[in-house]
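*Asks:* Sequence:
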Amino acid sequence: MDRRALTCLLVVLMNTCFADDLTYVSEYYSKMPQKLSKYSWYGTVRLHLFKVPEDTVLVRWLLIVSKVLGSNCGDHNVTIHFRAGAPPVINPLETQFAKNTAFFPAQNLTMMVNDGQNITFFNVTNPVAGDWFVVAHLPKDDGKIEHKGFSPTCSYFFQPQMFVRRAIDMPILQTNVPLQQSVSSPDNPAVLKFFVPDYTSQLTFHITSCSTDNSTEKDCPILMTLGSATLEESSMRMLNCTGKTACTASLHTPPWEEWIRITVESVYTNLSTAFTITANLTVGCKPKSTGLLGDFFARFGANATSLMANNASVLAGNITVLGESVLSNGSGSSSRDPFGNSCLRNQPVFREDLDVVSSRFAVINGPNITLSSEAPTLISLNLNSLTDSGGTLIVDLKLNETNLTNANSSVVACVTAQSPVLSLNDTQTCTTAFSQGHYLKMNITAPQAGLQIPFPQAAWWYLTLQIVCPQNVSDCGTVSGTVMTSVYLTACIDDCGTYGECRLLRSYGYLYAACVCKAGWSGWSCTDDGSAQSYGRQLTAALLLTLSNLLFIPPIVIAVYRCYIVEASVYLFTMFFSTFYHACDQPGVTVMCIMDYDTLQYCDFLGSVSSIWVTILCMARIKDTFKYMLFMLGTLLIAMSMQLDRRGLWNMLGPVLCAVTALVAAWVYRGVKRRQCYPKTWKRWLFYLIPGIATAVIGLSVYVFTETDDNYYYTHSIWHIMVASSVVFLLPPREKYKEPWGWSQKYIFCGYQICKNEKEELYTVT
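Quick note on the numbering used here: the sequence shown kicks off at 40 and runs consecutively.
Treat each hint with caution, since some may be false.
[To be verified] Computed cross-link-like contacts, DMTMM-like style, restricted to lysine to aspartate or glutamate with a CA-CA straight-line distance of at most 25 Å:
hint, residue 1, residue 2
1, LYS437, ASP533
2, LYS179, ASP568
3, LYS325, GLU413
4, LYS480, ASP394
5, LYS232, ASP170
6, LYS138, GLU440
7, LYS480, GLU272
8, LYS557, ASP180
9, LYS437, ASP465
10, LYS90, ASP170
11, LYS712, GLU774
12, LYS183, ASP533
13, LYS138, GLU271
14, LYS722, GLU774
FYI, nobody ran anything at the bench for these hints, they're computed from the structure. In this text, all values refer to a predicted model and were calculated from it rather than measured experimentally.
Put together the whole structure using the sequences plus the hints.
*Replies:* In structure tokens:
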């Protein structure tokens, strides 16, 4: 009922936010609640993907964080991040990023959760259409290892809901076509949109003929906003036209092949203002057409194999190849000179998809590219697919110093999204109409430059390169040089390095990748060694966790000596797989895996619980027939439960309770039958049973309540030692009729033959 009331209130609020001049419709989207986790790496966040429709003028997220009733939880802050076009890059642990990593911080908010449920609204006016990502997580993980069933239950759930208000008849502004509009109040803006074609270098909007009701002044008391909100800096441009008879706004290099939103608001509350708006665009560098396939075969044939070249020549047929494609200033001629009188050179790129979230961009006739100081070179990168935003874009550039005709020159590069930088200089700025790009520079002293962009926005990306001269050189002349380019999209940077593992994650069908670090390393790509473990500490941890299992040798020897061969076999199985499981489970470089990790882990868990099972049943001293039947049946059931839930509480608690029940029943039966306490000697209780039980309880307490990520290697070693020592105390003594090492006197050696012991047979019969 509370959620329905909130929804109704939200509908009323959204219906009063906009004018009646346009037709608005409302849409609602919701995601299933997901359990939140404490943050340790990006895989512990909860990522939700929303699709914001075109012509959306308002989006409002209803963020619901609830705590399960009855859970033993404290008050925690839930952090929520927002980003358009790609998942947000976050750093809650405040670790260092790898060198040359570039990103923009995401918008976030924090919610305090007390008892019950907390609800917060997050509004975005004029949002950009497309994919929006919402990420939520709890504070930093404290490193305590919580065992299922033993730790207190503390569950937080996060559910986002999105409410959309969009216009279905938004006016479209066309080039050089005046459009008359009116606006009456700040709460009732006029909303328009304009489509920007490719190769647009400048876009200008003019507002004229302003007239306000009951006013003789000719000024324009309006505010104009250009662009859509992406929650990043400079994603929108605002212009105050108050006091002006005409208002003009210019955008340099606006987003190509995109719709631009124009929102006009009035400074008056109850007065209507009419105005005329006109849009003009300038196409500074448009490519010269070279035919349908001619330019493709001219470029591709140079690096293709002979077979592909032959096929290309056959397919080309009578097509006239015009050579290099040059973006000219509008002249009708084409030139094979890569620079000539052009203002921009377009370098074609071949995209090769290698794997999921992994692609390579190969420059045709590359990778070496010839640059000039007269015109920039443009490389277009198609990252417009949704799956591309879940990886990392890598750009590596290397200047060939020997081919640089002017040693005082430099090569500058700009990496931008949606629109390129068409004019480069040495001012270290890469600014387009609505975004800030990433700047790179190379010269003879520093011939290499690199850039790593995690989670790049799903859009067209552009790499612009040009040779620039020092500012103190007035006449540089024409300078040329060669740069080797390497651009590719990968899941993780350097595959997360030596101390990390790259994992592919999925949320509602969306795939993205992240690094999980080990051995104390941290950071987005596991390059922060601030708390890294040294090699000596890694080796010490490996030796403690593996060699502590050798404490099972005394229980094995004692079990064999007392004729408990099956029990000794189980202890040997446990010791072997626990040793090699921990040798394979090490977080650093001291790792040795003799078989698959999952197999080693399964056998270790199975052996540990089976050892407890057979030890308690052995203490019950039931008949061998029933004992071995219970051994086999219990082990099979344990193996089944391990397959269902390896870390479940009842995997250990269930066999222990069943075995203890059988033990108590057997001891009570013997005590009642013999009319005395069983075991009957106080020495057995004082020197064996009580120390064994105490050792097992201490080991279990250390295992359940004290283990953390930092002390795991010695607390878990103590668990191994305590469990093995408890078996030495708890294993019952040998049956009186059995000889040591399990050799029966029923058969003895007669020379080289085995014959029956007639005395034992006679004694048995009598």
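*Asks:* State for each hint whether it applies.
*Replies:* Going down the list of hints, with the structure as the test:
1. LYS437 with ASP533: Holds - the C-alpha atoms of ASP533 and LYS437 are around 19 Å apart, at most 25 Å.
2. LYS179 with ASP568: Holds, at about 18 Å.
3. LYS325 with GLU413: 17 Å, holds
4. LYS480 with ASP394: With Cα atoms ~31 Å apart, LYS480 and ASP394 exceed 25 Å; violated.
5. LYS232 with ASP170: 19 Å, holds
6. LYS138 with GLU440: Distance ~23 Å between LYS138 and GLU440 Cα, so the pair holds.
7. LYS480 with GLU272: The hint holds at about 23 Å.
8. LYS557 with ASP180: Given pair LYS557, ASP180 holds - Cα atoms ~14 Å apart, limit 25 Å.
9. LYS437 with ASP465: 18 Å, holds
10. LYS90 with ASP170: 5 Å, holds
11. LYS712 with GLU774: 19 Å, holds
12. LYS183 with ASP533: At roughly 30 Å apart (the allowed maximum being 25 Å), ASP533 and LYS183 break the hint.
13. LYS138 with GLU271: 23 Å, holds
14. LYS722 with GLU774: 18 Å, holds
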